[in-house]
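Protein chains: 2
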Amino acid sequence: MEKNVSDAFFRDELQTLAANGQIDAFRGKFLDMHPYDQTAFFMELPEDIRLHIYTYLSPEEMAAIMEHIELDDIKPLVTEMDPRFAAMVIAEMATDDAVDILNELRKDVVVSLLTIMDDKNADEIKELLHYEEKTAGSIMTTEFVEIYQATTVSDAMQYLKAEAPEAETIYYLYVVDADKHLVGVLSLRDLIIADSDVKIADLMSDKVLSVSVAEDQEDVARMIRDYDFLALPVVDFQNHLLGIITVDDILDVMDEEASDDYSKLAGVSDVERPKDSALISAKKRLPWLIILLFLGMLTASLIGQFEEALEQVAVLAIFIPLLAGMAGNTGTQALAVAVRGLSTGDYGKQGKLKLMLREAATGLINGAVCGALLTVIVYFWKNDFYLGLLVGFSIMVTLVVATLAGALVPILMDKLNIDPAVASGPFITTINDIISIFIYFGLATAFMQYLV
Amino acid sequence: MEKNVSDAFFRDELQTLAANGQIDAFRGKFLDMHPYDQTAFFMELPEDIRLHIYTYLSPEEMAAIMEHIELDDIKPLVTEMDPRFAAMVIAEMATDDAVDILNELRKDVVVSLLTIMDDKNADEIKELLHYEEKTAGSIMTTEFVEIYQATTVSDAMQYLKAEAPEAETIYYLYVVDADKHLVGVLSLRDLIIADSDVKIADLMSDKVLSVSVAEDQEDVARMIRDYDFLALPVVDFQNHLLGIITVDDILDVMDEEASDDYSKLAGVSDVERPKDSALISAKKRLPWLIILLFLGMLTASLIGQFEEALEQVAVLAIFIPLLAGMAGNTGTQALAVAVRGLSTGDYGKQGKLKLMLREAATGLINGAVCGALLTVIVYFWKNDFYLGLLVGFSIMVTLVVATLAGALVPILMDKLNIDPAVASGPFITTINDIISIFIYFGLATAFMQYLV
Chain H
1 MEKNVSDAFF
11 RDELQTLAAN
21 GQIDAFRGKF
31 LDMHPYDQTA
41 FFMELPEDIR
51 LHIYTYLSPE
61 EMAAIMEHIE
71 LDDIKPLVTE
81 MDPRFAAMVI
91 AEMATDDAVD
101 ILNELRKDVV
111 VSLLTIMDDK
121 NADEIKELLH
131 YEEKTAGSIM
141 TTEFVEIYQA
151 TTVSDAMQYL
161 KAEAPEAETI
171 YYLYVVDADK
181 HLVGVLSLRD
191 LIIADSDVKI
201 ADLMSDKVLS
211 VSVAEDQEDV
221 ARMIRDYDFL
231 ALPVVDFQNH
241 LLGIITVDDI
251 LDVMDEEASD
261 DYSKLAGVSD
271 VERPKDSALI
281 SAKKRLPWLI
291 ILLFLGMLTA
301 SLIGQFEEAL
311 EQVAVLAIFI
321 PLLAGMAGNT
331 GTQALAVAVR
341 GLSTGDYGKQ
351 GKLKLMLREA
361 ATGLINGAVC
371 GALLTVIVYF
381 WKNDFYLGLL
391 VGFSIMVTLV
401 VATLAGALVP
411 ILMDKLNIDP
421 AVASGPFITT
431 INDIISIFIY
441 FGLATAFMQY
451 LV
Chain D
1 MEKNVSDAFF
11 RDELQTLAAN
21 GQIDAFRGKF
31 LDMHPYDQTA
41 FFMELPEDIR
51 LHIYTYLSPE
61 EMAAIMEHIE
71 LDDIKPLVTE
81 MDPRFAAMVI
91 AEMATDDAVD
101 ILNELRKDVV
111 VSLLTIMDDK
121 NADEIKELLH
131 YEEKTAGSIM
141 TTEFVEIYQA
151 TTVSDAMQYL
161 KAEAPEAETI
171 YYLYVVDADK
181 HLVGVLSLRD
191 LIIADSDVKI
201 ADLMSDKVLS
211 VSVAEDQEDV
221 ARMIRDYDFL
231 ALPVVDFQNH
241 LLGIITVDDI
251 LDVMDEEASD
261 DYSKLAGVSD
271 VERPKDSALI
281 SAKKRLPWLI
291 ILLFLGMLTA
301 SLIGQFEEAL
311 EQVAVLAIFI
321 PLLAGMAGNT
331 GTQALAVAVR
341 GLSTGDYGKQ
351 GKLKLMLREA
361 ATGLINGAVC
371 GALLTVIVYF
381 WKNDFYLGLL
391 VGFSIMVTLV
401 VATLAGALVP
411 ILMDKLNIDP
421 AVASGPFITT
431 INDIISIFIY
441 FGLATAFMQY
451 LV
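Sequences listed follow chains H and D, in order.
When the letters of the first sequence are read in order and numbered with UniProt numbering, they come out as residues 1 to 452.
When the letters of the second sequence are read in order and numbered with UniProt numbering, they come out as residues 1 to 452.
Hints are computed from structural coordinates only; laboratory data are not their basis.
One or more of the hints may lead you astray.
Stated by the list, open to error - Derived PhoX-like pairs (lysine-lysine); straight-line CA-CA distance at most 20 Å:
| # | chain 1 | residue 1 | chain 2 | residue 2 |
| --- | --- | --- | --- | --- |
| 1 | H | 199 | D | 284 |
| 2 | D | 354 | H | 283 |
| 3 | D | 120 | D | 75 |
| 4 | H | 354 | D | 284 |
| 5 | D | 134 | D | 120 |
| 6 | D | 180 | H | 29 |
In this text the structure is predicted, and so the values were computed from the model without any measurement.
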């Protein structure tokens, strides 16, 4: 196997070369690695060696590294660079990545970097900077290949040769008219197979799928996944071609969205990173815990209402966590299924009503099975048939209501145009705690005469 | 905008053409759509019209549709086709998709389909059929472009023209020696820029990254995402080139893995589908609920041990769900952070110890804040300082232990080579229920003299 960054000996050797200023030897070994591995090595270095390396590499070489650095780590790096070098590095990056980086910096730093930068690059970046986060505009790049319908295949190939070093992808060619309207698309595969004197107009597909610049990035991801595209053109409302979104950016979007849904289900408000300190972790989780603490107080005061029943039949308390726990679990199951379905767009309009009916039936089946089981267990354990019946019947009613609640909340949120993933697990769990206690003590109070 | 499948009028028109046997008119409109849209239309049709369509389309045209059908829907379609047609359709598909479909069918059906199929395709498929699920081998395709080092650029371009219609991607060319060992890689981009008489050996990169055929598909996905590849070669243990994995398959893998993690966090054992009936849904969720029911009985019998304390101080019962709920929530938060970190490979070896220390500190901060808050609230509500202190102190200890448990369980599972995502939310929640009750009643019993 080749030497690489996961080899500690190789890493030390490289670091020594950098520290000793053996520029040629360092460059030879370093630039031989894939940019992703260069980045992994670079991020492990102490600041003083990083400062050396900025002087060993060209802005273009540094740009390749920057494109692989996680956004949360970007700020200190840009700050420690010479501003002119930083501006040149950012100018060399793909515009979409450059914009991502600038979005992490303070406004005045951005302004001064754009001022140092050459006008062409600065203008391209400025245009992308004002698109809203998580839209197609914010993840597109402007380095695409556009050609005219009258071009011949051989001219197009010549043009591609010239554009290849700069373009984000050369595997799709976008065909535009004189006013820059998107009129067609052509894959490099089609171009290669074609005869050299054929016109692009006769070769291209005029059924070109595109997304609007304001489209949600999650919808763009779904489209690229469904249609197996390597890139998708982005247009404005008059169908002018503005940029393209490539599949490698979509992989990052999917990762981000999956992490986001996952964190929300667990009630972690913001995506946490392994490097976060305990204080930052606590700050991200505390808001949820405090909200849940107050919701928990509601549960407590609800039980408080039934203190009299509890004093008469202390054994009732034994089953509180079991009931609340089962309600929370079944609600989270229903929630996860509904959120996942909503986010992959699997439901139609009718589908939501169907889903609710199915969840009601699912809750009833699960409730009946668990209820029967629990009745028998409690009867044999406590030798009290009525207590068994109470607990069993309570769990049945609870499971039906809790399952419905788990599905209903995300559907309602979706209707109100709120991201259904916000209806996190802990929230549903606490709601269902309350529901279960209400049902349990309600039934216990009603049938108290059989229990004492 | 172009007419498409989301237009109900267009859909009805197309269906009428198919039903009336107006083959040419139907083919004209139908084949004009993207295969994904063809599939969406096809899947909405009743069986009798589907049976017509099989006779209107060539196996190749039908194969394009089949590649977009979800695997769970495949079985009835293959069964309703004429077996010879089905074999021809599957032979026309990319081998990786063909294998996915055959894996859904009964063994005897697979054998008979492979017998009808021409030998070349049948052999290719048979070779892939025995790779284990979720490995690189199971998602790779064998339709790649391989060339020799001695080839010139112009010969390579000629070869590509011939291979383009069949190959899964022509954007990477893999260079092999006479024994089919993978020795280099070349992108079509590099080929296009190069002069026509240059040898491939002088142009290719010999630092070709590859994955072993037994590699986990999640690791392959991570590699393609990190390195921004469009495809990755798959080799055996002697570095023979066996196949390639393309980025479009990786999008599906990422989706599948994200759904899987998400479902497990919510305690849904298997990924559910919107079309599942209530009975199937219930069957998928019940195993979890029953396990949790028995774990809940543990909680109940634990409280039963403290029945005496409860009879003396019934007010203790009021705070059970609050404590259990908070323990469950904080555990799920810690769990989600740890599982996500483990699955994206963010932790090193040292990282896990660091993570545990951080989680302990996070638990302590959150516990102190929530504990102080709760002490004050309970004191003012119940006008009982000792009760407030008991509940507040209990929540503090509980949050520390529950947070640690949430992080520890997935780390232990990872050490034991079990997928950490199996440590689902409900499981951790129930463990933490038990921990919280033990702490709460333990403290209550110890300090009973201050409470009665």
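Do the hints match the structure? See the list:
no.	hint	in the structure
1	H:199 to D:284	57 Å, violated
2	D:354 to H:283	18 Å, holds
3	D:120 to D:75	24 Å, violated
4	H:354 to D:284	18 Å, holds
5	D:134 to D:120	25 Å, violated
6	D:180 to H:29	28 Å, violated
Violation of the numbered hints given earlier is confined to hints 1, 3, 5, 6; the remaining hints are satisfied by the structure.
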